Amino acid sequence: MIDTSAFTTNWPVALPGLVVAAVAMLVMSVDAVMRGRERDGLAVVSILGLGGAGAVAAWLWVAAGDPAGFHDTLRGDRYALFFAALLCVGSLLTVLMSIDYLREQPLPAGEYHALVLLSTSGMIFLAAANDLIVLFLALEIMSVAVYVLSGLLRREVRSTEAALKYFLLGAFASGFLLYGIAFFYGAAASTRLDLIAASVARDGLRPFVLLGMALVLVGFCFKVALIPFHVWTPDVYEGAPTAVTAFMAVGVKAAAFAAFARVFMAALGTVAPSWTGLLWVLAALTMTVGNVTAVRQRSVKRMLAYSSIAHAGYAVLGLVAATKDGGAALLFYLAVYAFMTLGAFAVLIALGRRGEPGEDLADWAGVGFRHPVLGLSMAVFMLSLAGVPPTAGFAGKFYLFSAAIDAGYVGLAVIGVLNSLISVYYYLGVLVAMYMADGTRVVTAPSSRPYLLATILVTVVATLAIGILPAGPMQLARLSFLSLR
Amino acid sequence: MGLPLLTLIVFSPLVGAVLLALLPREPASGVRRAALVFALVPVVLSGWMLARFKAGVADFQLVERAAWIPQWGIEYRLGVDGVSLFLVLLTTVLTPIVVLASWGDIQRRVKEFFAFLLVLETGMLGTLVATDLFLFYVFWELMLVPMYFLIGVWGGPRRIYAALKFVLFTMVGSLLMLVAILYCAWHVKTETGTFGFAYDRFLGLHLSAREQLLLFAGFALAFAIKVPLFPFHTWLPDAHVEAPTGGSVILAGVLLKMGTYGFLRFALPLFPLAVAEAAPVIVALAVAGIVYGALVATVQPDLKKLVAYSSVSHLGFVMLGLFALTPTAVAGSVYQMLNHGLSTGGLFLLVGMIYERRHTRRIADFGGLWTSIPVFAAFFLVIMLASVGLPGLNGFVGEFLILLGAFGRWPWATACATSGVILGALYLLWMYERVIFGPLVHEENARLHDLTGRELAVLVPIVALCLLMGLYPAPFLTRMQPSIDRILARVEAPAVVARR
Chain A
-4 MIDTSAFTTN
6 WPVALPGLVV
16 AAVAMLVMSV
26 DAVMRGRERD
36 GLAVVSILGL
46 GGAGAVAAWL
56 WVAAGDPAGF
66 HDTLRGDRYA
76 LFFAALLCVG
86 SLLTVLMSID
96 YLREQPLPAG
106 EYHALVLLST
116 SGMIFLAAAN
126 DLIVLFLALE
136 IMSVAVYVLS
146 GLLRREVRST
156 EAALKYFLLG
166 AFASGFLLYG
176 IAFFYGAAAS
186 TRLDLIAASV
196 ARDGLRPFVL
206 LGMALVLVGF
216 CFKVALIPFH
226 VWTPDVYEGA
236 PTAVTAFMAV
246 GVKAAAFAAF
256 ARVFMAALGT
266 VAPSWTGLLW
276 VLAALTMTVG
286 NVTAVRQRSV
296 KRMLAYSSIA
306 HAGYAVLGLV
316 AATKDGGAAL
326 LFYLAVYAFM
336 TLGAFAVLIA
346 LGRRGEPGED
356 LADWAGVGFR
366 HPVLGLSMAV
376 FMLSLAGVPP
386 TAGFAGKFYL
396 FSAAIDAGYV
406 GLAVIGVLNS
416 LISVYYYLGV
426 LVAMYMADGT
436 RVVTAPSSRP
446 YLLATILVTV
456 VATLAIGILP
466 AGPMQLARLS
476 FLSLR
Chain S
55 MGLPLLTLIV
65 FSPLVGAVLL
75 ALLPREPASG
85 VRRAALVFAL
95 VPVVLSGWML
105 ARFKAGVADF
115 QLVERAAWIP
125 QWGIEYRLGV
135 DGVSLFLVLL
145 TTVLTPIVVL
155 ASWGDIQRRV
165 KEFFAFLLVL
175 ETGMLGTLVA
185 TDLFLFYVFW
195 ELMLVPMYFL
205 IGVWGGPRRI
215 YAALKFVLFT
225 MVGSLLMLVA
235 ILYCAWHVKT
245 ETGTFGFAYD
255 RFLGLHLSAR
265 EQLLLFAGFA
275 LAFAIKVPLF
285 PFHTWLPDAH
295 VEAPTGGSVI
305 LAGVLLKMGT
315 YGFLRFALPL
325 FPLAVAEAAP
335 VIVALAVAGI
345 VYGALVATVQ
355 PDLKKLVAYS
365 SVSHLGFVML
375 GLFALTPTAV
385 AGSVYQMLNH
395 GLSTGGLFLL
405 VGMIYERRHT
415 RRIADFGGLW
425 TSIPVFAAFF
435 LVIMLASVGL
445 PGLNGFVGEF
455 LILLGAFGRW
465 PWATACATSG
475 VILGALYLLW
485 MYERVIFGPL
495 VHEENARLHD
505 LTGRELAVLV
515 PIVALCLLMG
525 LYPAPFLTRM
535 QPSIDRILAR
545 VEAPAVVARR
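Those protein sequence lines, which keep their order, are chains A and S. Numbered continuously in the working numbering, the first sequence closes out at residue 480. Numbered continuously in the working numbering, the second sequence closes out at residue 554.
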């Protein structure tokens, strides 16, 4: 019997992404009509749109209807909806922290918000794509918007450089991905993941599948910044406007991981032993190189860039485990990572001002006592990133390492743990600067930035709450991952 | 179940810390008084715990249980037994003493100091009463961060180096312990079908000798660094010398005991086969630490460093007693943990007091203090002699029990360790002689003022406890012994089998 549901359109599966895209159009039109005079209103519209889309995703998650849509090229399963909700929250917080930032820099608010929204819609579709062509299109929607965003500070050389670098290398990686997709099509006569899965299960690892897998892997490694495809990350993260960096570190990474995990776990899950070995090596390398390099950084922004590389390495542990708990741990970790990283970048923005980015660690001397709220929040984020209990970062690492040990990868868990130790050194370096070091310059954060402060408070509360009571979010991640097939 | 007494004890300092953080920064005296009140609440509560504790029961008492992360079988589980009972009391009693001792010492960022101190107390108390290993680990790490700040913010000139060294050393051990804990939990799953982190489920594991050895190594490294067992002790002198007095007292008084407590609570009963294998090595390191610590302490020109190295020596005794694995020796070790907390804590307090007056800790800068500050000298004498192990004071009971209990199993090691007792008398008495007796050579020492009322309030409880524990140890030992025997019963049975 033919599954008729696969041939219906089933609009709701695309709803969260469509809502975000529609709000992006709205923001762009309003901005055109207002000729760039309206700033905060656009942010409000964006926030409402993202909140609405997130709520839709949550509602669909609870309802758990038929996941297949658009001839099964799009899957609105709980896996996709988990990411949709997470990405909406991440983008919402990005917009929230950008309000004060845009006003000061000054950046064009209309373009900024529209691009963030467009990119977010691309991300949501990326997490839902069940067809490699749809996946590619979603990836490009996301990426092109982010290329522009990273170069938005047109007068700053490093921002322009970041955009160019990201674009050139990104285009290159897209090429790899597309080439890999072609091989998959050659092997399975389809680009739909479920049909590829069936073909692989039937015929095993044929050369075309193997080639396709390798090339697609390169594409994903670039997007999530795994060693050795990470070289663009520090420069791009450092050069891009800080709010955009946060958006990239959180949103782009989560969405790319969503597609990465869907392709490898759902379509290639039956031949997992063929790719887990390689990912084992990539995970170990990424964690180690990311952390070791981060130790030497004096710029907080660049340090966070290397730390984001290292965290991608931790996340891959979940993929290496290739079990249900491994996948769930990956989802949980990405959510945890989103909050603590957004928070850390928000504090970074809060300590800077136009022309004085305040990114140098030497400028942070005494900040902890001059700005108790910012200092304490940053301390929470740093400890969470380092994986110290009772923060969310610890819960996330705990879940990942447990899953790895459960799957028999004790060695990789030990490597991960030793890497956490290295990371403690440089994360504590920030605390040393904030609370213990004597500085030559007194940097004070500009006051009256209510939206930025709100972002920081939300992320601090989330980081601590998930850390102290992780059971609920873990269950959420697990149920979401179980819907992947 | 009734009143969650242990939860109240553990979290009342944390609540105090939060309230303290919300108080206005000025006046500092108000902040200090509030901190003292918050530190006294757990004392009252733990006194109540002592009253409710039934002597003669080996198992955990006042147990509390609640589901926490059900999918991993993680529970919020607390309980206190004879091993942890007095360590909890030591912690709650030392904290207000430290608050008083830091009264004048800490002038800068007063509020933050006391808030971190109270958070640290929650971490220490939680570590002692947690009976789920995940929870234990959370509290174990929770101790780290506030101590890091106490050293790093309020410490001496090389504070940042010392604080970082302290954290990194401790982290190396604790992260490997985490892997060992996860491995055990995974083993629980393969044996019973569900994950579990509870202490008693870990006790029920069937691990091979090889697994035990590796897991023991994971746990033992974490604890050995904390103790610190020679040769993992290098962070300790740095941390002590740089830490403010209050930090040193807590560090020596309670934090180091977490290592020995961890050995007794987890490493010994969970991996008996490995204990049988590793005991000679650990005993050798313990004896090396006893002698080495004593010798290095003898030649220290700095009072604080001298006391720090004496800690290495004294904790060597505790380790020797633990790995003698006889009821007498282990009881002596637990007793010695308390003694060391009191006497070394007391010595650090005294060094802090004299440092506040003279702004130096060099032994050569003192001499003849007996004439200028006799009350100080008298207290110094009692606490120093308690540390030496003079009969009638607490140190004697502990060291005697350890040596008595260990001699049967490790005659040679015990014989060597005994030299540590003699050396201990040597370096402490010699130090006392140089500081207190002799002529007043330095002008400044003649004008020192004697102990204030606040300082007396700090020292009197310590001296009283030293005397009580030295003269009448029975009520302490009767409460400890059943729990110690229960742990040893687990170590003994397979250890004997392994030896055949």
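Treat the hints with care, as some may be off.
[To be verified] Listed next, the in silico SDA-like pairs over lysine to any residue satisfying Cα-Cα at most 25 Å (straight line):
| no. | chain 1 | residue 1 | chain 2 | residue 2 |
| --- | --- | --- | --- | --- |
| 1 | A | 319 | S | 526 |
| 2 | S | 243 | A | 420 |
| 3 | A | 319 | S | 248 |
| 4 | S | 219 | A | 355 |
| 5 | S | 243 | A | 318 |
| 6 | S | 219 | A | 318 |
| 7 | S | 243 | A | 288 |
| 8 | A | 319 | A | 473 |
| 9 | S | 108 | S | 526 |
| 10 | A | 319 | S | 219 |
| 11 | S | 243 | A | 267 |
| 12 | S | 219 | A | 477 |
| 13 | S | 219 | A | 268 |
| 14 | S | 219 | A | 267 |
| 15 | S | 219 | A | 42 |
| 16 | A | 319 | A | 464 |
| 17 | A | 319 | S | 346 |
| 18 | S | 243 | A | 355 |
| 19 | S | 108 | S | 540 |
| 20 | S | 243 | A | 403 |
| 21 | A | 319 | S | 212 |
| 22 | S | 359 | S | 526 |
| 23 | S | 243 | A | 406 |
| 24 | S | 219 | A | 417 |
| 25 | S | 359 | S | 346 |
| 26 | S | 243 | A | 410 |
| 27 | S | 243 | A | 470 |
| 28 | A | 319 | A | 367 |
| 29 | S | 219 | A | 470 |
| 30 | S | 108 | S | 119 |
| 31 | S | 359 | S | 424 |
| 32 | S | 219 | A | 264 |
| 33 | S | 108 | S | 219 |
It is worth saying that the hints were derived from the structure and are not from the lab. Bear in mind the structure is a predicted one, so any value in this text is a computation, not a measurement.
- Hints breached by this structure: Going through the list in order, the structure violates hints 1, 2, 6, 7, 10, 12, 13, 14, 15, 17, 18, 21, 22, 28, 29, 32 and 33 and respects the others.
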